Amino acid sequence: GNSVTQMEGPVTLSEEAFLTINCTYTATGYPSLFWYVQYPGEGLQLLLKATKADDKGSNKGFEATYRKETTSFHLEKGSVQVSDSAVYFCALSSGGSNYKLTFGKGTLLTVNP
Amino acid sequence: NAGVTQTPKFQVLKTGQSMTLQCAQDMNHNSMYWYRQDPGMGLRLIYYSASEGTTDKGEVPNGYNVSRLNKREFSLRLESAAPSQTSVYFCASTKDRDRGTEAFFGQGTRLTVV
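Residue numbers (our numbering), protein chains in the order written: chain A, 1 to 113; chain B, 114 to 227.
One or more of the hints may lead you astray.
[Said to hold, decoys possible] Using C-beta positions, here's what the derived DEER-type ranges look like:
1. A:Asp54 to B:Gln130: 49 to 57 Å
2. B:Arg223 to A:Asn112: 20 to 28 Å
3. A:Thr26 to B:Asn175: 19 to 27 Å
4. A:Ser85 to B:Glu186: 29 to 37 Å
5. B:Gly116 to A:Thr71: 30 to 38 Å
6. B:Glu186 to A:Leu46: 16 to 24 Å
7. A:Glu69 to B:Glu192: 42 to 50 Å
[As the list claims (entries may be wrong)] Looking from chain B toward chain A, a few residues come up when the C-beta cut is under 7 Å (computed):
8. Asp151
9. Pro152
10. Gly153
11. Leu156
12. Glu165
13. Tyr177
14. Gly213
15. Phe218
16. Gly219
17. Gly221
[What the hints assert, rightly or not] Below, a list of computed lysine-lysine pairs in the DSSO-like style, where the Cα atoms sit at most 27 Å apart:
18. A:Lys56 to B:Lys208
19. B:Lys208 to B:Lys184
20. A:Lys105 to B:Lys170
21. B:Lys122 to A:Lys105
Derived from the structure by calculation, the hints contain no laboratory data.
For clarity, every value in this text was computed on a predicted model and none was experimentally measured.
For every residue, glycine included, the Cβ atom is placed at its ideal position computed from N, Cα and C.
Sequences and hints are given; from them, build the entire structure.
Set out below in structure tokens:
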């Protein structure tokens with residue numbers, strides 16, 4: 001079945017530091033890949049997505065590239081802010097009758113001023 | 114724009130009590146889902162409803178039942194709560210079941226079973 005493995009947290013950075021959160025996946029077929037973010041006390045919301053190999057998703061300064069050869073979708077941001085403190089989830093989905101959104105375990109990011 | 118609304122936000126139950134978690138979406142989405150979130154486990158799918166009138170089991174359905182009341186509403190029922198059901202519950206909806214479709218989540222219900 002499908003699975004997502006993302007780096008264990010927590011991750012603590014200083015403001016303006018570079019962020020990488022690793023994500024690898026196992027899936028049959030051609031899944032879409034997502035990063036969702038959960039701010040404290042809130043539900044998850046979509047951060048970015050990519051639907052085919054070599055696509056780059058980007059939003060709010062975050063980027064991730066769908067790498068089929070390495071089955072990876074690593075999240076990066078060049079300069080994090082305190083407001084980026086949240087839990088980040090990598091996820092994948094296959095569509096149609098077998099549609100299912102499969103999540104990684106989440107990575108807690110804390111950014112200090 | 115309300116999106117996905119869950120009630121209640123917090124609940125404490127005694128072992129053996131029952132309760133229903135309510136979820137409603139105002140985006141005219143076809144599919145709805147219930148997840149539970151536990152520390153170090155990510156989100157796990159309990160039940161889903163691909164379309165109005167249908168429901169199916171997810172990864173962890175034991176101890177739960179669901180009802181897709183209409184296109185807008187999808188409720189989750191715990192018939193006899195157990196401490197193992199202490200968790201944060203999220204309802205989500207999607208417009209369709211295309212693999213690239215975005216899921217929209219409610220703010221969650223934090224349930225404690227004592």
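Arg223 of chain B versus Asn112 of chain A beta-carbon gap, inside 20 to 28 Å or not: At roughly 27 Å between Cβ atoms, Asn112 of chain A and Arg223 of chain B fall inside 20 to 28 Å, so the hint holds.
Outcome for the supplied range 30 to 38 Å, where the beta carbon pair is Gly116 of chain B and Thr71 of chain A: 32 Å, holds
Hint status (Cβ of Glu165 of chain B to nearest Cβ of chain A, threshold 7 Å): 16 Å, violated
Interface restraint verdict for Gly213 of chain B against chain A (beta-carbon cut-off 7 Å): 4 Å, holds
Restraint status (C-alpha distance of Lys56 of chain A to Lys208 of chain B at most 27 Å): 23 Å, holds
Distance restraint hint 49 to 57 Å, applied to the beta-carbon atoms of Asp54 of chain A and Gln130 of chain B: Holds, since Asp54 of chain A and Gln130 of chain B (Cβ atoms, about 52 Å apart) stay within the stated range.
Consistency of beta-carbon spacing, Glu192 of chain B to Glu69 of chain A, with hint 42 to 50 Å: With a Cβ separation near 48 Å, Glu69 of chain A and Glu192 of chain B satisfy 42 to 50 Å, so the hint holds.
Interface hint for Gly219 of chain B, Cβ within 7 Å of any Cβ on chain A: With Cβ-Cβ at 5 Å, under 7 Å, it holds.
Chain A contact restraint on Phe218 of chain B - CB to CB distance below 7 Å: 4 Å, holds
Restraint status (C-alpha distance of Lys122 of chain B to Lys105 of chain A at most 27 Å): Since the Cα atoms of Lys122 of chain B and Lys105 of chain A sit roughly 23 Å apart, the hinted pair holds (cutoff 27 Å).
Hint status (Cβ of Asp151 of chain B to nearest Cβ of chain A, threshold 7 Å): 10 Å, violated
Interface hint compliance - Tyr177 of chain B to chain A, C-beta minimum distance less than 7 Å: Violated, because the Cβ-Cβ distance from Tyr177 of chain B to chain A comes to roughly 17 Å (cut-off 7 Å).
In this structure, the earlier hints numbered 8, 9, 12 and 13 are contradicted, and the remaining ones agree with it.
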